[in-house]
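*Asks:* For the record, the sequence lines run as chains F, D and X. Going letter by letter, the first sequence gives residues 1 to 509 in this note's numbering. Going letter by letter, the second sequence gives residues 1001 to 1074 in this note's numbering. Going letter by letter, the third sequence gives residues 2001 to 2142 in this note's numbering.
Any given hint might turn out to be false.
[What the hints assert, rightly or not] The calculated lysine-lysine pairs, modelled on DSSO-like cross-linking and capped at a C-alpha distance of 27 angstroms, are: (1) D/Lys-1064 x F/Lys-334; (2) F/Lys-412 x D/Lys-1064; (3) D/Lys-1062 x F/Lys-182; (4) F/Lys-98 x F/Lys-172; (5) F/Lys-334 x D/Lys-1019; (6) D/Lys-1019 x X/Lys-2082; (7) D/Lys-1065 x F/Lys-412; (8) D/Lys-1067 x F/Lys-497; (9) D/Lys-1062 x D/Lys-1073; (10) F/Lys-409 x D/Lys-1065; (11) F/Lys-334 x F/Lys-497; (12) F/Lys-334 x D/Lys-1065; (13) X/Lys-2071 x D/Lys-1019; (14) F/Lys-98 x F/Lys-153.
Think of the hints as simulated: they come from the structure by calculation, not from any bench. Here the structure is a predicted model, which means the values were calculated and not measured.
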Amino acid sequence: MTLEIQKPRPIWQIMFSTHHTDVGLLYLITSLAALFMGGTLALAIRLELFLPGSQFISDSMTFNRMFTVHGTTLIFLFILPFASAVGNYLIPIMVRYKDMAYPKLNVIAYWMIPPAFALIWLGFADFTWNAYAPYSVTRAPGPAADMWILGLKLLGISSILGAINFIVTILKCKHPDLPLSKVPLLAWSYLTSSLIMLVAMPTFAAALLMLLTDRLGLSGFFNPAMGGDPIAYQHLFWFTFHPEVYVLVIPAIGFMYDIIPRFSRKPIFSHVSGIAAFVLLSIVGFASWAHHMYATGMSFTEKTVFMIGTLSAVPASAMHVFNFIATMWGGRIKFTTPMMWAVGGIALFFSAGAGGVVNSAMPLDFMTHDSYWVVGHFHLFVMGTIAFGSFGFLYYIFPFVTGRMYNEKLGKIHFIMSFIGTIMVFFTQHILGLYGMPRRIFDYPPIPEWIAMNQFITIGAMIIGIGMTIFLINIIYSSGKGKEANMDDPWAVGGEKYYYPYQSKTPHH
Amino acid sequence: MIMIYPINFSLALEDDPGKYINRKAEVWNLFYRMMTVAFVIGSVVSGTLIWLVWRFRESNPKAKKTKYEEQGKW
Amino acid sequence: MSEHSSWPEWIYVGVVVALLIYVGAEAWNIERIIEHIPSDAEIIQVAGQQWFWTFEHEDGTKEIGELHLKKDHAYKFEVVSKDVIHSFNIHDYVVLVDAVPGRVNTVWFSPDESGEFDIQCREYCGLIHYNMRAKLYVDDES
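Same shape as in the complex, but just chain F (with noise of 0.2 angstroms):
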């Protein structure tokens, strides 16, 4: 049967609608977009690092545009709008509402995405996803520059009208009879990382306009030669990007907590120690920002502070995995594709974890910071559990949005390609990071170690590539080819019914 969401429409009546599946459908594309493209320059980073010297890419200023918007692409217009595509479909669903609460809000929260995209593209800035002033502002050619703090201006005001579009949808239009203790941690998750979105974003908001003034020559904030003073720019930045990394991982981390617990046949171990671990996570995340500037001439006692900080927020990332391995235990797990990508995603999560406590280990940080070591640790988190989990929930939400199950098969040997490529290149990038390797470099010196352990890293990064493009193929193919799912229970492992997903054109008022 065909769910009336699925039945083939043309494309205006898509793009035109407010309706939440059709908005999420929107995101979903836009992001999977954003990942071919942004996984296509760190294909061609990768080729470039192979040897020592140029490569293909002729000079660094090419090279330092695509690291640039290569992390642009997949942080702002990969992950982000893939966590808004899953929480318009589902948002609603599980809060048992007809449509998120402010449709038109959602619609124009999602066609600010396009245009920023355009202009990152289209600028293709140099000075990497920091923009560190003084660089960004007296050095950084324009208008790639300007067209990027425009771009990322659009994607703030984007992310904040989302996030307040799912506060309030969870927070106001939940169903009566469904308590916030009994709400689904999938939408616990959106709930708390929405707000952290919202307490974080404005000052990054305000850190771009700012920005924007000074390399106008109309400000001077954190221009040293008008006075002003660039470890602000660094302070506001961290403030809210350390945070969003919490924005970023803690869909991800939801999107576990659906797919474990129906695979592994068993409810979730603790659902108020996976809401306990959220809140306390989106509070304490505000503690560690500046973890990430040690080395710009802080003070003991500061970095005491912040090293106390980041340690704090390790506890509620470990409460999450006791949870997931509790659930697990005991149960009689079915290893499909979404289960896998669940499980790899946690075992990652904790390599990148404990690379993260060193990182923020006062005098590891001389060490490690802005060196490779630091290249594989976030990698280790975005690819490595974000991604994991994102790539896990498209294949697991791929029947409710398409009707039609993916290839299995592909599925799994996109997953078996992709774990072994990420261990290769993020392990390695560690241990090259150690060696001494800087980051954001176009070309390094012949030193043996380094030529080896590049070309290491290269070859993973083409596995992954592979694994990439099979999943490309296999999502092109089934969505239009694949045969129909059982929507009751596409996988089947019994329980519940998929998703209720009658409810998502019925109204409940």
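Knowing the structure of chain F, use the given hints to seat chains D and X on it.
*Replies:* Positioned in the frame of chain F, the structure of chains D and X alone reads:
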């Protein structure tokens, strides 16, 4: 896990020329201590995870239906 | 749902917290030890600019792109920047501090091995960031 480690306060107060603290050695020693801890915990965590995946997979001969399956609800 | 006891989770959280306290205390202690600058450390003024390093010794000698130091002496670097943020890094000696325009950041070390070491920039600073390198020569005391 019990770790005994000597807190050496006298080291920090030593100012005789020629007897400086070896920054490199201090930091790398700390790094190796942390890595020891990390790898011990890491092997426990990943060992648990691998065992879980092996033991509770559906196809394991010892796998039995969870009590929730009988109710068809979890 | 609460048909299981929650004490395993509390024990687990306790173990995690204990480990974090151990990590934090160790790191705090080592940082305290290595931050203590010896009073007889020689001051070297380091200036980063796009895209090279300049060094000035206490006696006024200037060096560009290379730095000559003596083994088993203590050196305190006062790092400044003339344009954008750089990061002064001697990876082999775990010396790292940002060069921030408008600020003087300090870091100290004492080389215990003679030889040649790389000095590099660890913070993205533009076009030639990848090649903003210098050489450190540590000589045996003659």
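*Asks:* Now tell me, hint by hint, if it's right for this structure.
*Replies:* These are the hints, each one checked on the structure:
1. Straight-line distance between C-alpha atoms of D/Lys-1064 and F/Lys-334 comes to about 12 angstroms, which keeps the hinted pair within the 27 angstroms bound.
2. About 25 angstroms separates the Cα atoms of F/Lys-412 and D/Lys-1064, which keeps this hinted pair within 27 angstroms; it holds.
3. With a C-alpha separation of about 33 angstroms, the suggested pair D/Lys-1062 and F/Lys-182 falls outside the 27 angstroms cut-off, and the hint is violated.
4. Restraint check: the Cα-Cα separation between F/Lys-98 and F/Lys-172 comes to about 13 angstroms, which is no more than 27 angstroms; the hinted pair holds.
5. A hinted pair counts as satisfied when its Cα atoms are at most 27 angstroms apart, and F/Lys-334 with D/Lys-1019 does not qualify at roughly 62 angstroms.
6. A C-alpha spacing of about 34 angstroms is found between D/Lys-1019 and X/Lys-2082, which places the hinted pair above 27 angstroms, so the restraint is violated.
7. About 25 angstroms separates the Cα atoms of D/Lys-1065 and F/Lys-412, which keeps this hinted pair within 27 angstroms; it holds.
8. Restraint check: the Cα-Cα separation between D/Lys-1067 and F/Lys-497 comes to about 18 angstroms, which is no more than 27 angstroms; the hinted pair holds.
9. Distance check on the hinted pair: D/Lys-1062 and D/Lys-1073 sit about 22 angstroms apart at the alpha-carbon level, within 27 angstroms; holds.
10. With a C-alpha separation of about 25 angstroms, the suggested pair F/Lys-409 and D/Lys-1065 falls inside the 27 angstroms cut-off, and the hint holds.
11. A threshold of 27 angstroms between alpha carbons decides the hint, and for F/Lys-334 with F/Lys-497 the separation of about 17 angstroms falls inside it, so the pair holds.
12. Between F/Lys-334 and D/Lys-1065 the CA atoms are separated by roughly 12 angstroms; this keeps the pair inside 27 angstroms, and the hint holds.
13. This hinted pair checks out: X/Lys-2071 and D/Lys-1019 have alpha carbons roughly 12 angstroms apart, not beyond 27 angstroms.
14. With a C-alpha separation of about 31 angstroms, the suggested pairing of F/Lys-98 with F/Lys-153 is violated against the 27 angstroms cut-off.
Checked against the numbered hints listed earlier, the structure breaks hints 3, 5, 6 and 14; every other hint is satisfied.
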